[in-house]
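There are 2 protein chains.
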Amino acid sequence: MSSRLIDAGYSLSVYNRTKSKGEAVVAKGAIWCDTPRQVAESSDIIFTIVGYPKDVEEVYLGKDGLIEGASSGKIFCDMTTTKPSLDIMIASRLAEKGAHMADAPVSGGDTGARNGTLSIMVGCSDEVFQALLPCFEAMGKNITHMGPVGSGQHTKMANQIVIAGTMCGVSEALVYGAQAGLDLEKMVATISKGAAGCWTLDNLAPRVLKGNYEPGFMVEHFIKDMGIALEEAEKMELPLPSLALTRQLYLAIKAQGMGRKGTQVLVKALESLKGKEIL
Amino acid sequence: MSSRLIDAGYSLSVYNRTKSKGEAVVAKGAIWCDTPRQVAESSDIIFTIVGYPKDVEEVYLGKDGLIEGASSGKIFCDMTTTKPSLDIMIASRLAEKGAHMADAPVSGGDTGARNGTLSIMVGCSDEVFQALLPCFEAMGKNITHMGPVGSGQHTKMANQIVIAGTMCGVSEALVYGAQAGLDLEKMVATISKGAAGCWTLDNLAPRVLKGNYEPGFMVEHFIKDMGIALEEAEKMELPLPSLALTRQLYLAIKAQGMGRKGTQVLVKALESLKGKEIL
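Chains as they are written, first to last, in the working numbering: chain A, 939 to 1217; chain B, 939 to 1217.
Calculated directly from the structure, the hints in this document are not laboratory data. Keep in mind that the hints are not guaranteed to be accurate.
Note that identical chains are pooled: a pair holds if it fits in a single copy or bridges any two copies.
DSSO-like cross-link-like pairs, simulated, lysine-lysine; straight-line CA separation at most 30 Å [said to hold, decoys possible]:
{"#": "1", "residue 1": "Lys1214", "residue 2": "Lys1173"}
{"#": "2", "residue 1": "Lys1212", "residue 2": "Lys1173"}
{"#": "3", "residue 1": "Lys1131", "residue 2": "Lys1192"}
{"#": "4", "residue 1": "Lys1131", "residue 2": "Lys1173"}
{"#": "5", "residue 1": "Lys992", "residue 2": "Lys1173"}
{"#": "6", "residue 1": "Lys1148", "residue 2": "Lys1131"}
{"#": "7", "residue 1": "Lys1124", "residue 2": "Lys1079"}
{"#": "8", "residue 1": "Lys1214", "residue 2": "Lys1035"}
{"#": "9", "residue 1": "Lys1162", "residue 2": "Lys1212"}
{"#": "10", "residue 1": "Lys1012", "residue 2": "Lys1124"}
{"#": "11", "residue 1": "Lys1001", "residue 2": "Lys957"}
{"#": "12", "residue 1": "Lys1079", "residue 2": "Lys1131"}
{"#": "13", "residue 1": "Lys1173", "residue 2": "Lys1148"}
{"#": "14", "residue 1": "Lys1162", "residue 2": "Lys1124"}
{"#": "15", "residue 1": "Lys1124", "residue 2": "Lys1173"}
{"#": "16", "residue 1": "Lys1012", "residue 2": "Lys992"}
{"#": "17", "residue 1": "Lys1192", "residue 2": "Lys1173"}
{"#": "18", "residue 1": "Lys1162", "residue 2": "Lys1214"}
Next up, chain A with everything else stripped away, as it sits in the complex (with noise of 0.2 Å):
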């Protein structure tokens, strides 16, 4: 995201907790900054994107974060999937410096990044969003502004919510038909074409039948997500007993040493309650 930005013509200063991590846009001429306060200090547009809630709130709010940093008219975007609950409380941080906020998670993986055809999410003001518009195109294809601050975190729960549906779906599809002697590839063209046509059967199920587990979305991540939107369903009170259900199959899923693999893993869950291999 960071090599789009400076392919778009964007002068850039960087930081990563592990320097290493920076060296390929450095070499592209971003200049380092030993601190997420010091990126603040030396730029207009700040953009964020980590793993958790917690290193959300270390690079905001922790010492020589980037919100001693901020002062009137910079624009702060945190494209991480986290809770809305922190980016909105962040906003209100920034407000009373006069620094503005969005909240713009993303989907579409590691390739979408490299290629610039990320789904951007976004919650901010008319005006922050116009601001922001030229960076997000040069990194994404799919840009909708959703709403106020913490609406973009939402947006993104739903989507991930609508996946822990077609994960669940298509991994149930793959045992049953294997167990049922099922020829696997015919049986997923041709379910493919009709009602239970999703991007997770015409993606994902591929990986499954060559036996490929790599990331793509890597399962501690998802269950992070899933974590964020059930909590988040919690406070609204809305029982949501299908993503709950989701969530502890890939639990087992990490108990089962699998968690930095990627989410169509999920059959090797049903899997393990059948006690034997299917796949």
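Fit chain B to the known structure of chain A by using the hints.
Just chain B now, with coordinates in the frame of chain A:
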């Protein structure tokens, strides 16, 4: 489906328990029969498509049923979505008389049937498949020979298992998004372009947003299909926790008097858990 066979130049003898349902094709030249047996006696190829496994049993094995009219060389093809084991048993009863059997459940709904765009998942011998293919081509577009008798039904079960997952994911995402105050049309448009993309999001979510819960595909029939899949899976000693949960949520829909609505009415089960209208 009968109408399309007539349009393709076939002569038809037809039977339905509800005679009025046959009137349209009789008006187009089909010959009315008073029993399934008469249809079998006067036809070379016999197609059946009814509601439930008990109806399949009745039409094949009951008094004046198809088996009574079966004789050497005739081909029977059950297009009902039913138990694989039932079609396999019927196949063996027909084989005793030198007659052949195929199972060929479809997907694509009323619209697919009318337009000849059904997906047809076929289980039978190669010879029977070749004999049936011209008829299938009059009724559908995506026609796959999956393997021996029963494998058409198993493929349809896999299809329904995927749909169960996508229905849960989409329904939970819709109530989540509504509770979070998102613009749901924008939300659906955005997430449908990425990894959450699925037929259900494209075709059924818009109906929910318009408050349209008419079938499409009826809850009662989906409950039947999921019941068959769970029963078959249990025979294979294969736990399918997500499918089991989904069926329970649809049983709640039926309990609330909505068994003849379309499957998109699943959002109402989530509303009933929440205890108030959300959408």
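>> Taking the earlier hints as the rules, which of them does this structure contradict?
In response: 8
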